[in-house]
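Given the sequences, and given the hints that come with them, work out the whole structure.
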Amino acid sequence: MSVNHIREPLLEVGWYRDNSSQSVYADWDFLIMINISTKIIIKRKEEIAMMKEELEKIREEAIEKISSSDALEKLNEIRVFYLGKKGKLKDVMKGMKDVAPEERPKVGELVNKTQKAIEEKLEETKKNLEKIALEKKLESEVIDVTLPAKKSKIGHRHPNTIALEEVERIFVGMGYEVVDGPEIEYDYYNFEALNIPDNHPAKDEQDTFYITDKILLRTQTSSVQVHEMEKGKLPIRMISPGRVFRSDEVDATHSPSFHQIEGLVIDKNVTFADLKGTLAQFARELFGEDTKVKFRPHHFPFTEPSAEVDVTCFKCHGKGCRMCKGSGWIEILGCGMVHPHVLEMSGIDPNEYKGFAFGVGLERIALLKYEIDDMRLLYENDIRFLKQF
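Heads up, the sequence shown is in the numbering used here, so the first residue is 1 and it goes up one at a time.
These aren't lab readings, by the way, just hints derived from the structure by calculation.
Please read all numbers here as calculations on a predicted model, not as lab measurements.
One or more hints might be untrue.
Said to hold, decoys possible - What follows is a list of derived Cβ distance ranges for each label pair:
1) K127 x R376: 53 to 63 Å
2) P350 x D248: 51 to 61 Å
3) D248 x V145: 21 to 31 Å
4) E56 x E130: 26 to 36 Å
5) S247 x E130: 35 to 45 Å
6) N76 x K387: 43 to 53 Å
What the hints assert, rightly or not - The calculated SDA-like cross-link candidates involving lysine to any residue, where the alpha carbons are at most 25 Å apart (straight line), are:
7) K315 x N351
8) K86 x A49
9) K292 x G318
10) K231 x S247
11) K325 x R296
12) K276 x K121
13) K86 x K126
14) K276 x K214
15) K85 x K121
16) K315 x L377
17) K292 x K126
18) K136 x K214
19) K121 x I63
20) K294 x D248
21) K88 x L72
22) K319 x F287
23) K315 x P301
24) K231 x G181
25) K121 x V92
26) K94 x E124
27) K214 x P301
The C-beta atom is built at its ideal place from N, Cα and C for all residues, glycine as well.
Structural data, given as structure tokens:
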């Protein structure tokens, strides 16, 4: 309602005439308040209208730029420019604090619609551009089916694998069984049951990898033999190949992890002569029919008597060369008759049963048989080296 002022100056109350020529009597201060409130409402409506107009302008401008984009990089720039943390839409939203609480939901809805419209157009255009890029890539990557295929590299058997299979073949042919066992072992099976006392140097932490005070990484596959003896299934003829661990520095002849093959025979009336005959046959089959063996006295805690075994150098045939250091002989393994105490620890009567045991390093056989001068070559996975076997 528009009101005309018709009162006398300085009066607290007066008559007012509206546009219909009717006079209305009202309080002067009240009319001033109505006038101010009306101006505020009009101003707010104008601001909301400006925000709506700005949002519509942003939407149209963004969609136009998106539609004209011909690269995914440009699309990302447009997304950041309009929807980023410092984008145009965020600038408009900063004005929300000046919008009346009752109007904020409407303005917020319009902001969300604008953002959604821009995002949908961005996604639609992105898919189209990706499709076009893929089609171009496929067109440019034409496969010439007439070209010869690349040759695949053929794998080669590892020297250790070849040596292991050869040793297993020899002993299985003599009636032995191949038995596996755990690499993580109790101290008892690795040392105590094999007659190795607590003060033995092999039990020192400098030589053995301990997991706890009583659990370790096995230092020999002889522990597998103890497990088999405890089963009480006699007689026993077995070999136990596997990985062992010792605290050694890596060099041409040593490694903290390597492989052993240990053998065990338990039966009645077994003698040292049986041990000699077995190892002589093993050496001939492995290194050649002309190979001879030589036994040298030695000491091992788990065998008595004990010996180390040499074979005639298979390169110079005993004449002396660089490989055998001029001696004509090469050491290959250790052996001996099973100590009576070891039999007793596993519940076997040493008065009724006897046995012999032997152990050889698998890597040592591979190094000697194939004339490899550095043990590290076995673990480097160099195809140039492996393809020779």
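Which hints from the list above does the structure break, by number from lowest to highest? 2, 3, 5, 7, 10, 12, 14, 17, 18, 20, 23 and 26
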